[in-house]
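Protein chains: 2
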Amino acid sequence: MRESLCHSNLVKRDAVLVNGMYLNGPTLDIKTTYKFVEDAVSLILDEAVRKGTDILEKVCEWQPPEKLKEILDLELREGGEPHSKILKRCQDVIRYSVKTGHPHFFNQLYAGMDPYSLVGRFIIETTNPSLYTYEVAPVFVLTEDAVLRKMMEFVGWQEEGDGIFSPGGSISNMYAVNVARYHRCPDIKEQGLSAVPRLVLFTSQECHYSVTKAAAFLGIGTKNVYAVSSDERGKMIPAELEKQVLRAKAEGACPFMVNATSGTTVLGAFDPLDEIANICQTHNLWLHVDACWGGAALLSRRHRHLLKGIQRANSVAWNPHKMLTAGLQCCAFMVRDKTGLLQRCHSARASYLFQQDKFYDMNYDTGDKSIQCSRKPDSFKFWLLWKAVGTYGLEERVNKAIALARYLAVEIQRREGFRLLMEPEYANVCFWYIPPSLRKMPESKEFWEKIHNVAPLIKERMMKKGSMMIGYQPHGGRANFFRQIVISPQLGRADMDFVLDEIDKLGKDL
Amino acid sequence: MRESLCHSNLVKRDAVLVNGMYLNGPTLDIKTTYKFVEDAVSLILDEAVRKGTDILEKVCEWQPPEKLKEILDLELREGGEPHSKILKRCQDVIRYSVKTGHPHFFNQLYAGMDPYSLVGRFIIETTNPSLYTYEVAPVFVLTEDAVLRKMMEFVGWQEEGDGIFSPGGSISNMYAVNVARYHRCPDIKEQGLSAVPRLVLFTSQECHYSVTKAAAFLGIGTKNVYAVSSDERGKMIPAELEKQVLRAKAEGACPFMVNATSGTTVLGAFDPLDEIANICQTHNLWLHVDACWGGAALLSRRHRHLLKGIQRANSVAWNPHKMLTAGLQCCAFMVRDKTGLLQRCHSARASYLFQQDKFYDMNYDTGDKSIQCSRKPDSFKFWLLWKAVGTYGLEERVNKAIALARYLAVEIQRREGFRLLMEPEYANVCFWYIPPSLRKMPESKEFWEKIHNVAPLIKERMMKKGSMMIGYQPHGGRANFFRQIVISPQLGRADMDFVLDEIDKLGKDL
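Chains as they are written, first to last, in this note's numbering: chain G, 653 to 1162; chain W, 653 to 1162.
One should not assume that every hint holds.
If several chains are the same, the list does not tell them apart, and a pair holds so long as it fits within one copy or across any two.
To be verified - Below, a list of computed lysine-lysine pairs in the DSS-like style, where the Cα atoms sit at most 27 Å apart:
| id | residue 1 | residue 2 |
| --- | --- | --- |
| 1 | 875 | 887 |
| 2 | 683 | 1102 |
| 3 | 1116 | 740 |
| 4 | 683 | 740 |
| 5 | 1102 | 1116 |
In short, the hints are calculated from the structure, not lab data. Source: prediction; values computed, not measured.
The task is simple: from the sequences and hints, build the whole structure.
Printed below as a string of C-alpha cells:
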C-alpha cells in the first residue's frame, strides 16, 4: 500500500508562490506535533481520568467567575503559544473544571465515567466523522443502526421501528412534536402552521422544560401546551389528561399529541403509560414517551415495569448518556412507524450529498432523516460500552443505582435532621436537611422559609470545599430540597452514608 | 486535601443487601480499568492520529455494507467481552473508518486534523461537562464567552452582540429563523404561528438545504421559503431578491428575513452582503448570514473583503469546525442584538436548573439562551487551538488553503482533460475530468450525458483503492463534476498535483 500511494509527484519541487504564499510544504504536519499530543493525552489521562475519578480528590476547585477569568487568561491574541504553555493551560482547564465523572458528583443526570464509552469517544474525536452518508462514516452508520435496533427491542418493538440519534433529549422531544404533527397533517411541512387549525399538545406539569421549548421553537406556541396535573408522586393523572383533551376539543382546537414522561427530572416519576395510551387511542393522539432519564430501567428485568405500556408509544426519546454513562451526548429518538415517516418528515434531498448514482446501496445514507447536516456518531460510544459489559452488565448497573437510592432513602428516614420527600422509585432521592436549630420548630410558614435557605447555603459550602456536588431546587409549593442523583457504577453504600454525613457536617450550624 | 475528604465512613463495613444487590463495593472502578484506557488510547493515537494522517496510508479501507456488518459483528449480546477483544474491535473500527483527517480527504467541509483542537476534544470528553450553568462548567462557560466575543470582533461588532454555540450549522440557521420571527412578533413564542399572517423568508437557490429544513421544522412551511435566483457564479442577485420581497408583499404575506450565504456549499460563492443589507433595511427584514463555511475568511486580511458588509447582519452563523479544523461540531450562532433577545426568545426558566438563589452571579448561567438542555462546550477546542497558533496562525491557514485552491485551478486549466467550472474565490474547486475517449467529441447532449457518468465511476475507483476522497455532484443543469475542498494545514502543492494525476490515472480508460 505504502508504495502504491507514494507517487513521484510528492517529491519536493521548486517553490511556487501564489498570493504571497509559498505552497510547497505543509503549514502544519500533525506528525511533527505528535509528541505534543502524546504529552497532552498523558496529562489528561492522569489529571482528568485517574485523579478526576479518585474519591480522595476534590469534585471541584471552586473559583468565582472574575477570579477564574484572571487565572485562565482567556484573551485570544495575534501570536500563538509554545507547547509547554499550552500544556500548562490544559492542566489549569482540567483543574478548575468540575469532575462530573467523580463518584461524589450527584448534581446532574449524566454523572459518572465509564472507561469503554470514554474510549469510544476518543475514537469518534480522532476519526471525526459525520453520520449523513455511508461513504464517509461506514462503521458509524452501521453501529447506529445496531444500537437503535437493540434499544427498540427493549422498548418492545420487534419488527417495527426507525430512529436517529440527536444532540440532546430536548431536540429528541422536538423531533417527536414535528413527526407527530406531520403524521396528523403532512401538508404542514410545505404549507406551514398558518394554514392549519390551532394544534394543542398535552404534557404533565412535571415534564421536562424542553416540551415547552419545543412548542415555542416549532411555532406551535407555549400556550398550546396544555399542562396536565400530576399526583403527589409526580405522575400524570390520566383523568386530568382526558379533561384537557376534551377542553381543547371544545375550544375547536386540534389536539394531536401527548408527551408522557418516564423518569421526571426532579422527582424521577413515571407516568402511567398504559392508561395514557388508552386515552391516546380513544382520541387519536400521538403518544410520545420522554424516557430520556428513565429509559435505562427497560434493561432491568426487576424495574422495567416502571415503563409498562411503552411499546404502545408512537415515539420514544431515551438518552444512554444519563443512567447508562455513555457520555454527553448520546440521545436516541425512535418512532414505531416503519414506513419511512421520519425520513419523509425531515428530508430535503440535497443532491450534492445524497447523490442517487452512488456505487453502494444508498439506503445506508441515513442523514436525510435528520434535521442536522453534519452529525456526530454518538451511538458508537454506547455500542462499544454495550459490547464490553453486555446487557447483563448494563442491567446490573441500573439495579445497583436504584438499590443504592433506596438504601439512601432508608438512611434518610433513619437519621435525625433529614426528611424524605417521598420513597424513590428510581435513582432520584429528594430530601430536606433540617439543621439542629430548626428541629424543634413547629412547621409554620416561617419554618419552611428558613428551610428554603438551608440547601443553597450548604451547596455553597460543599462547592467551596469541593467535597461533593448535589443539586437542590424549589418545586411546586415546596421549599428548596436536595435532589441526589445516583448513577456512577463506582458508587457503594459508603458513598451514600458520606453524603448524609457531609451535609450534616456542612449545615449543622445553620 | 486527600485527608480532609477521606472520611471514616468510607471504610468498608458489613455487606448491605437491597433488592438482591450487595451495595458495598463499586460495580466498576474506573481506576481498575485504567490500564485498558491507556492501552486503547495508545492504539488510537497510533492508528487514527499517526497513521490516519500519514499521506502514505489509505484514506479509507472500503467495504460494502453487508461485508462490513460481518467483519464488525454488530450484535449486542447479554454477556460482555474481555479487554483484549474490545481492543481488537477498536482497531477494526478505526481501520474501516474513513480518515477524515488524512490530507487526501477532500470530500467534505470538515477535512483535516489539528493537534490542538484534538487535545481540546480529549479534555471535553474526559471532563464531560454540560454548558448550561457556571456551576458545572465554569471554565467552559468562560471560554465560550471569550471565543464568541473574539469572533464577533471579526464580524465587525464591537460593543454589540450575543451568541451561543450549537450542534451544527443547520441548527444555527434554525436559531436565526426563530430569533428573526420572534423579533418581528414576540407573541409567536406564546401564541404560535396559527395566530399570525403567513411569514415568508428569502434565500438564494444556492443556499444550504438547512434553510428549507428550518422552515419545515419551525412550522413556517417550505413553500414560504422564496428562492432568489443567483448569477452564474452562484451569488444571489439583489434585484431578484427585491422582486421576491415585493411579490410576497403583493400576496399579503409577511416577509421577515433574508438568509444570505457567505461560502455556498457547492461553488463556494459569497452573496453581495452590502447590497442585500440595503434591501433588508428598506423592507425592514432581518438579515441572517450563513457564513458557516466562508466565515473563516474574516480572519484573513487578504480575503475578508469576500464578506464585506457582514457587520450589518442581524445574525451570523459561522462554523470553526470547517475551514478552521476545530473538529465536529463547533458552530457559533451570533446576533448583533445586545438586549437579551436570544435569551428572551428561547428561555423557559426551569427552576430546578436556573435557581435564582445561587451564591454566584447568575448571569454566567447561559443555558436558557439555548434550545438544548445539556450542551457540549464545543467552543473550547477552538479556544485552545486559537491560543496555540494565534490569530496570525489561523490567518495563514486560511490564506494557504485559498492559495492552494488557486494553484489547483491554474493546473486544471493548464492540463489536458480537465475543465474548470469557474475561477475559485475560496477553497472549493469545481471541475470536470474528460477522459481521452471524449476529448474530441463535440459538446452535445450526449457528450454531457457521458461526462455525467465519469465522476461517479472515478469516485468508486478511488474509494476502492483508498487513495483519496473527493466529492462530486450534479448542480443546476450541469452534469456531475468534482468538487475539491482544500482545508487541511498539512497540504502542499504536491497534493494538488497528486489529485489531478490520480484522477487521470483512475479515469483515463473511461
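Starting from the hint list further up, note which numbers the structure goes against and sort them upward.
-> Hint 2 contradicted; others consistent.
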